[in-house]
Each structure stands twice: as C-alpha cells, then as structure tokens.
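Number of protein chains: 2
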Amino acid sequence: MTQTVDRETAAASTSPAARTEAWLGRFEEALRARDVERAAGMFATTSFWRDLVSFTWNLTTVENPDGVVDLLRHTLDASDPSRFAAEEEPTESDGVVTAWIVFETSVGRGRGLLRLTEEDGEDKAWTLLTTLVELKGHEEAKGSSRPMGVEHTATRERTTWLERREQEEAQLGISVQPYVLVVGGGQGGIALGARLRQLGVPALVIDKHARPGDQWRGRYKSLCLHDPVWYDHLPYLKFPDNWPVFAPKDKIGDWLESYTRVMEIPYWTSTEAKSASYSEQTGEWTVQVERDGKPLTLRPKQLVLATGMSGKANVPSLPGRDVFTGDQHHSSAHPGPDAYAGKRAVVIGSNNSSFDICGALWEVGADVTMVQRSSTHIVKSESLMEIGLGDLYSERAVAAGVTTEKADLIFASLPYRILHEFQIPVYDAIREKDQDFYDRLDKAGFDHDWGPDGSGLFMKYLRRGSGYYIDVGSAELVADGEIKLAHGQVDHLTESSVVLADGTELPADIVVYATGYGSMNGWAADLISQEVADKVGKVWGLGSDTPKDPGPWEGEQRNMWKPTQQEALWFHGGNLHQSRHYSQFLALQLKARSEGLDTPVYDLPEVHHLR
Amino acid sequence: MTQTVDRETAAASTSPAARTEAWLGRFEEALRARDVERAAGMFATTSFWRDLVSFTWNLTTVENPDGVVDLLRHTLDASDPSRFAAEEEPTESDGVVTAWIVFETSVGRGRGLLRLTEEDGEDKAWTLLTTLVELKGHEEAKGSSRPMGVEHTATRERTTWLERREQEEAQLGISVQPYVLVVGGGQGGIALGARLRQLGVPALVIDKHARPGDQWRGRYKSLCLHDPVWYDHLPYLKFPDNWPVFAPKDKIGDWLESYTRVMEIPYWTSTEAKSASYSEQTGEWTVQVERDGKPLTLRPKQLVLATGMSGKANVPSLPGRDVFTGDQHHSSAHPGPDAYAGKRAVVIGSNNSSFDICGALWEVGADVTMVQRSSTHIVKSESLMEIGLGDLYSERAVAAGVTTEKADLIFASLPYRILHEFQIPVYDAIREKDQDFYDRLDKAGFDHDWGPDGSGLFMKYLRRGSGYYIDVGSAELVADGEIKLAHGQVDHLTESSVVLADGTELPADIVVYATGYGSMNGWAADLISQEVADKVGKVWGLGSDTPKDPGPWEGEQRNMWKPTQQEALWFHGGNLHQSRHYSQFLALQLKARSEGLDTPVYDLPEVHHLR
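Going down the list, the sequences are from chains A and B. Under this note's numbering, the first residue of the first sequence carries the number 1, and numbering increases by one thereafter. Under this note's numbering, the first residue of the second sequence carries the number 1, and numbering increases by one thereafter.
Do not rely on the hints blindly, as some may be mistaken.
A pair counts as met if it fits within one copy or between any two copies, since identical chains are not told apart.
[Unchecked claim] Here are the simulated SDA-like cross-link-like pairs (lysine to any residue), alpha carbons at most 20 Å apart as the crow flies:
#, residue 1, residue 2
1, 274, 293
2, 238, 264
3, 343, 157
4, 406, 396
5, 142, 396
6, 124, 45
7, 274, 42
8, 406, 85
9, 142, 231
10, 238, 140
11, 142, 382
12, 142, 244
13, 124, 418
14, 312, 26
15, 124, 91
16, 294, 106
17, 238, 146
18, 301, 115
19, 238, 411
The hints are simulated quantities; they were obtained by calculation from the structure and are not laboratory data.
Chain A extracted, bound-state conformation:
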C-alpha cells in the first residue's frame, strides 16, 4: 500500500483519497508490526479514537496519542486488524479530510469514519471512529444473502415456516432456554430483539403489557413523538414514505406491534420479571417471571434490562401527601387529561413531561399551574428539526445521500468530549431564530437556560437525560399565561392545595409529580438486589461534571449497551435513534458470547456513583 503511494505524483498525493490511502497504509503497517508507539504517533496531539466493540469489546473513547498507546497495547494482539481501506471517495473541507473506511479484525468486519488534519506538515488522525459491523462466519442473512424462504425441492421431512414458528413458540422458555432474556419490550427491547433474531441468537423479550406498543398506547392521549421520522427508524425496516414527521403514540404502538411480528421476535406479553439472581458457578441467571399471572422460571445466560432509560420514577416524599384528598400521581402514571376538565391541576416540575401534561390538561379546559423548581432548557421542535438535525436526519439529508445508517455513524464519530463545541453554534442559531419566543417566555417569568455551557438539548439529554422541553406547543401556553406559573420548592400539601416554600398556596384537585426519574440501576435493585445495583453503579451520563452528571469524565454513556461490573448484566434503552443504533453493538457483543468467542473487554470503567 505504501509503495503504491510513493509512486504517486506529488499532486495526486495531496488529494483526499491519496492522503487517506497513505495514512491508512502507514497505520496498518505500524499495527502489523505491533509498533504501538508508531501507530499512536499518527494521531494528532489532541485527538480521539472512539471504538464501538471492534477493537475493545466495549464502547470506549481514548484521547490523544497516549490514549491510543494504551488502547493498542491492550487490544492489538487479540484484534489483529487488517485490510484498512477507504469505502468511498474521501472529501476535504476546511483542511480536514473525512473518509469512510472499512477494516477487518481477527473475528469481524468493521466500518469507520476517519478525519485527518495536518500537524507539523504531516497528516494525523484527529478523530477515528471504528465500529463492528459483523462477525466473520456469522454474517446476517440479508440483501443478496437473504434466506431463500423455501427449499425448492420435495422432501418428506419438510416442516413449514408456520410449524417451525409454532414449535419454537411452544418450546422457548419452557423446554429450551433463551440465551438472552430482554426485560422490557418497548422500542429498545424490540430493536434489540430484531437484531438478535437476525443474528440467530436465541433470545426472548418479555413485557408486562398486553401487546407490543402498549408502552406508547398507554400514555396521555395527545402524545406524539418529539423527534422526527428520519431520526426514528428501527433496524431493517424503515418507516414508509408516507409516515408522518411526528407520529402519534397509537400509530407508533401499532408499528411496534407489526414490526415485532414481521421480524419474528420471540416476545411474551403480559409477563413480568419478579426477581433475578446470577450464579457465577453456572454462569446463568435464574429469573422468576409471571406470565399471564402464572409463575415460571427462566434461565438465560445473559440478562438485558430494557425497561426504560428514564429509570424508576422519583416521587418526592412531601409532608401532607397523605392528607391531600384529590388525585395525585407521578407523571409516568398520569392517565391523561379527560377526567380533569374544569378541575384545578398543579403540576410539579417544568421539563418535558410537565409541559406535555400541562398542555393536555389545558386543552380539556383544566385550570393548570406549573410549579417551576429549577430552570429548563426550551427549544422549539421545528427549530431543532431544521437547525439541529437537518444535516443528518431529514428529507434533505436523505436526498444528499446521508442515509440513516450514515447519519448514525457521523453522529457517533463526534467525540463526546468535544461534542458540545459542535452543539453551541446550533443553539446560538436557534436562539437568534426564535428570539421573539424566548423574549415572551422571559416576560412570562419562565426561567429557561441553554445548558451549563450553552450546548443545548442534546448534551443535556446525554449528560443527564432531563432538564429540557422540546416545545410542541405548550411553551406558548406558558408564554401566553394560559398555563399559570409558580416558582420554588414544594413545602407540603394540605387537603386541597399545594403549599410552596414561600407560603404560596395553590388550590388543587389533582397534583402531578413531574419530578423525573432515577438511574436505571434502580431497576436492577428491584429485580436483582441492591448489592448488584451498587456494584454496577449509576447508569447514563458522561461524567461531564455538570448538574446531575457528576464526574469524573467517562467519555461514554455510563453502563449503556456495554459490559458492566456485573457479569452478564446489560442495560439497553434510550430514544428510537439510540435503540436502533446501539442495539447493533449490544447484539454483536451478545452474539460473540453466545458463539463462545473470546471477548476481552478493554477499559471496563470503575464505579464512581451508586445512583
């Protein structure tokens, strides 16, 4: 490869393609020679290598040549990488060469995104994303390798597709144990279930609801997705061209149900996981479940909690909760507005759930007061779609060749350490575009922010999963005074009111606690034990040392989609985008283990926070 480059003319060698080829050639040579220092020297002084499972059997980012040295020292022999090549014509912009690349490891094939920049007259890697696409010998049957579906022959041993499906259904979880048990069958469990099915990993998804999609159907009636369709596709089967930009909850529910059937995902409805324990001796979980009310024991090798990234509901223990005579419930249990027409509602909290519930209550003619306890980041859905997502997830992106799959990789290639730097200008533009709206919010006394560093919504989502509202109409009601606003902490409840710390009394027939959620390891505490929950520690957050995301810096979402300190326990979830994209890496990790491949995990993080 380097020989080829040497022979190029000087002019050609400065083309993005030639620069990429040269860098990849030198990099591969250094790796083949196991010359870790030489390879690390090809990274810029400030640089980032993010690996999703391909080198590290982990989701991890290392920084700068030092970090690269450490990663390679631990992973190079086992991964034995080779065949680096550009996948399509690299491009150059503002001095940065961007190249889609492919490569192989000892066990798999990968795809990545490389950005080169010149430092001291040499091309150095500024960012490198490497991701595992497939395991050799375990490639997915799709496209030109899709299954035939029928054996075109006559045989007296034929079983039909339906017979096989029925037999599998009769056996799985009864006489045949699933290798993976996925607890929770919302979009996360379903996307993972589809990928595991496609990879041939015996897996079972269980969910307490009566039908797939009920996780959405059961929520308040005006709910629609806050993210646009291009961002929301599930694996293998995209929403059709006539699918709405922001799908109503029941339509998403129907889609998830259809998708589950079309993808042939083994899925038990009306099934609750009651307890689980892991045996180091047998390498097996014992999970007690109740299926249609009947107890049953499952013995999977791997346990995935996909019960919602929001974790368990935070319900504040306020004095007077027991004397209040009206309805009161956490936002996650809110039944919708219909019973509350003409009633006085007090909604505590001022983030997404609160706005959605306040808006729906206002729509039925309730008298609504929102209690704001701390500031909230507000961004209009249209602006977010246009300015925040448009280059990656939109009709215009699709027209420009940025498929959902490419968009996911581009997005994943921006290191979390510097992602806020890319986000700040986006929100500056949004602030300018919607200045009038923000002025009106200010005037109404609503306390809003742009994140601790002005980096806006997505960083808040990644860091803490809270503290924002994507405005789909309710913020206008606050700005207009249609939804009343109160400020401060709640002191106590009386029989018929909420009393704030400053003495303000808010008469109430219904109180909604839109007070957020705990860490996902709370699910593990309930299902397994507090000990295991503590061993695993906090789930979610980057360690950015910003509010609700305490440091130290971790560089990836804590404990999500990757090995945890508890053997064979995994966390999966997030929005539709994350459910789609990260299910790929979780599924490949599980597949590798089910096939008995060696999966040495690089850099399993320490636990710094219990919740």
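Could you slot chain B onto chain A? The hints should help.
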C-alpha cells in the same frame, strides 16, 4: 427548445441527451400546434405508444403513425400536454436511445420511457410509454410533503389520531358511504386500498375472511410464493432486507395484515358481498353485504372486484361424481395433504396447482397420480429468477439502480404486441441451461411445451393465466416417477376410481380437480347479474389468438384496471407485481372521478367474448 438544439454543435447533437431533447422539443411543438400528423410522423413505421391513463384515461396501446394519429385526434385537446423533458441522462445501445421522461397534462404529471431509433436519417420514436403519476392539486403526501402527524400548537379542539380513526371506523359504511367499495381484500384489494387511502379517496375494502392475509394462510401448508421478493413489493413499504426470496404463505399473510394496519386501510373482515346493482339514475351501486353475519346495505359510487384474477373455479361435470365415495374437491378448496397420508390420490390437471398439490401429497406419503390432459410449460424457479427476471427484479438490479418502480416501468414499456420477441431468447437460454432436467421430464413421458411461439411463462400468464408450472420441486418428482403420470381426458368416476377415456382405471381415495378457473366476469355474474357479466365480457387475455386467448388482438389485458362497458365497475387483481403496479393507475382513475374531473375515455374496447 428547438432553438437550443439548433445551436448545438453537430457532435453534441448526436449524444443521446441531445437526440432526446431534440425529439421531445419537436414533439411538444407539434402537440402545442395541435398538428397531429406532424407529431405522428415522428413515430417509426413500426412503433408503439402505450399510455397508462395520462392521455387516454384508459390503459391502451396504439401502433404505428396511424394509431398515434387516432390517439392524438381524440385526446390532445383534453390532455393539453406540455413540459416534456428527460428525467435523467438518456443512454444509447445498439442504435436505440432510451430516455426516462417526464411531462405534464392539463390535470396531471406523468413519467414515461421513450426509445428512439433512426429511420430515414431521422430520430423516430420506436416505443413510447406514458403513465400518469399524480393529479395536480391532489399530490400524495409523502417524502418531503409527508404529513406532520401532530399539530405543534395547543388547541382545545384537538382530536387525536386514535379518536379520528375510531370515529371514521364507526361511521364508514354506516352513516358515511365509501366512494369506492373494493370487494376482496387479498394483495390486490390491499394494494389498491393503500393507494386510495393515500390519495384521500373514501374507500372500503371488504373480505369474507376473518383476518387480512387469510387468503394466503388458508391455502395448503407448504405453499410459498413462486415469485421472488424483488418482484413482490407492495406500494409505499418495501419488504425488509432480511425478507426471504420466496416467502412462505403464512409469513405473507402476516405481512398483509400488518401492512393493512400500518397503511390505515379501512377494511372489514368477515364480510361477504351478496348482491349488487347499479342505478344509472343515481350513479350509485346498491350492494348487499353480510358483515359478521348481519345484513347491511352499502351505496358506493364505484365498485371494484378484486376477488382473484383466477376467477371462479372450473369444476368439470363428470359422470360418476355422485357415486365416488372418497373426498373430491377443486384445487382451490384443497385442505392440504395432512389427512391423506398413505391414501391414493388422483389429481386431474398438470399446471401449477396440480404440481403444488401433488408435491405436498407426496411429501406426506400419499400415493399420487397426476392426470395430464394437455401439455404444460415447465420452468425452474431459479432459472426464471436468474434469467427471466434478474435484469429487472433482483439484488443485482437494485445494486445497478433499477428500483422496483423503474423495473415496473421498463417492463410496462415493452409493447405486448412484440413482448414475445423479447421473451423467446430468455426461454431459449433457460432450455439450454436446464437441458438435463427437460430430458428427464421427456423420458418420464411428461408432455411439456414452451408456449405456442416459444415465448414461455410470462406470455402464457398474460395471455391465458394458465398452462404452466414454476418448478419448485414437484416437477423433479414427476421426472423421477415418484409422482405417477396418466394421460388423457377423464371419462367418468366410479365408487373408488377415476376412469380415463382410454379405459385406464386409477384407484382413488381422493380426487382433486386442478382444472383451472373461469373468467373474472363470472364474479360479476354471481354478484350483479349475468346480463352485466355479458355486457362486460371476458376479463384477462391480450387477444393473441393463441390457445385460451382468442382474438381479435386487444393489446392490453382485457377489462383489467380500466373502464369496462359497465359504468363504475372495475376489475383489479393479478400477482403481487400487478397488484402493486396497476393499482396506481386504477387508483388515479378513481381519484379523478371522485374529484369530479373530466375523464374522457379513449378507445373503450368492444366485447368479443362472453367468458
């Protein structure tokens, strides 16, 4: 446009793009001047213009300049075509320029495919396909114009998607009449239902089965599609990448059921149409239906029969049918093989159904005899897929940019008059590839053919819809003697046998009449009246004057997807390909009528055959 061309250099003007531009420019100029003779003079001596609804409000093909004169004389003023342009770079091969084109008419936008050839030193049209894509002001909401799904505002008049769906369901067919009633909810009714829904035409699909997809689920258990996945996509939502090449019947059933829900098609299950009559006075059908056993009257303006292109079962009235003591039924009523293990089965007929049923009976260990009454065209599924469809419908076609939509238009652009000329070499190649297989069939005494002119399967399908078997394994059983073969007409049945004209007696516990189907207007006779069925005449067939497709030449499938001699009565159906492709044109014809557009039909054919 012509000015631009005149200014081109001689060299450039011979490029396919320049030749296309020049031809389109001159053609448009002639049309604008209403100079029919000049426009027709731009067609080659032997030439074909196939129009799907855009000029003619019909599916029709005219031939040669004379035909073009006639078409234009009748349609030019009303269609007022304009804005002809190449849609992408035209190509040239073997002296023929091929160009994807777009154009507009007074009411719509169209897409077409033009082939130019040189005659007397001038570029002339050899084939022209023009198709209607959308009606102006009634464009489909999809892609960048997809619905928003949610109104991003707060309003006290909000109804949710679910509430609207429930209200519609409660009203449609009860207090609100559908504009279109589609009788039959297999792939044909479902594809049409999806398009009508997308076009905003109030339509209702009814079907006698309990669930969409039961049309497939109810058939014999080893049935899989005989056509590959790339040929089978439905509108708007393609099968996923991991869908099998030949889908098993129950999987297709599940897909159709999911598709019906995802596309929000109003669909009544367990509903049978009992009778229908049309009033010229009110322009309305009165259709008596039974829904879940309860009678109900529907009053649609348009009635579509989508009850199966095969039409009603042909059951021969043989002497002795009443004395035979075993099971006997038409192939369409065959319950599958399971009850017949070890039994003696006689299957009368030697086409697709017979082979499928014989194979399945053999697989459970029945003693099977096939009675061949006339010769059958046999082609192996793999060969058909590879040689017959591969350029248009395959993974390789998709990779080469031939989307399903493009493939449909390319296929539609080959005039039926000369289609056999394109087909003959395909089957020559198949014959050569599978020579050994055909030799073995011959040796087994099986009488097979390649169609009256050697044009093979697809022409047989278009001409008569019968007379062939796509081998998915059973022909091998005949070649091997595993399925026994008898020849000749059936003379009569005894208590326990089938007796052939030559006296051969075949002992039988079960007799299956795989004896084919009548014309689809048989459905109209049953549902409406014999008078209307006769008025409409034979459905299907091109008029090729080959067996079971009597002339005169018609040039299109008789009565399919286009106006018939019975006002407001339409026939829809065919395989998945046809259900997908032709539902577009039927839906646009219905949409235009529902919007009160003028739809002058050119060349409504005379009726030559009653069935």
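(request) Go through the copies and call it for residue 406 and residue 396: within, between, both or neither, with a Cα cutoff of 20 Å. (result) within (14 Å within a copy, 22 Å between copies)
(request) Using 20 Å as the alpha carbon limit, work out where residue 142 and residue 244 are close: within a copy, between copies, both or neither. (result) between (27 Å within a copy, 8 Å between copies)
(message) When Cα atoms must be at most 20 Å apart, do residue 294 and residue 106 count as within-copy, between-copy, both, or neither?
(response) neither (46 Å within a copy, 66 Å between copies)
(request) Give the relationship of residue 238 and residue 146 under a CA distance limit of 20 Å: within one copy only, between copies only, both, or neither. (result) Both ways: residue 238 and residue 146 sit 17 Å apart in one copy and 15 Å across, limit 20 Å.
(message) For residue 142 and residue 396, with the copy left unspecified, which applies at a CA distance of at most 20 Å: within, between, both, or neither?
(response) Classified as between: cross-chain Cα gap 13 Å, same-chain 27 Å, threshold 20 Å.
(request) First find the shortest C-alpha distance between residue 343 and residue 157 inside one copy, then the shortest across copies, and answer within, between, both or neither for a cut-off of 20 Å. (result) Cα proximity of residue 343 and residue 157: across copies only (18 Å, versus 67 Å in one copy).
(message) When Cα atoms must be at most 20 Å apart, do residue 124 and residue 45 count as within-copy, between-copy, both, or neither?
(response) Answer is within: at 9 Å inside a copy they meet the 20 Å cutoff, but 66 Å across does not.
(request) With 20 Å as the alpha-carbon cut-off, assign the pair residue 124 and residue 418 to within, between, both or neither. (result) within (18 Å within a copy, 62 Å between copies)
(request) Go through the copies and call it for residue 312 and residue 26: within, between, both or neither, with a Cα cutoff of 20 Å. (result) Neither: 50 Å inside a copy, 71 Å across copies.
(message) Within, between, both or neither: how does the pair residue 142, residue 382 come out at a Cα-Cα threshold of 20 Å?
(response) between (36 Å within a copy, 18 Å between copies)
(message) Please sort residue 274 with residue 293 into within, between, both or neither, judging by C-alpha distance up to 20 Å.
(response) within (11 Å within a copy, 45 Å between copies)
(request) Could you place residue 238 and residue 264 in one of the four classes (within, between, both, neither) given a Cα distance threshold of 20 Å? (result) both (16 Å within a copy, 17 Å between copies)
Against the hints set out earlier in the document, violations occur for numbers 7, 14, 16, 18.
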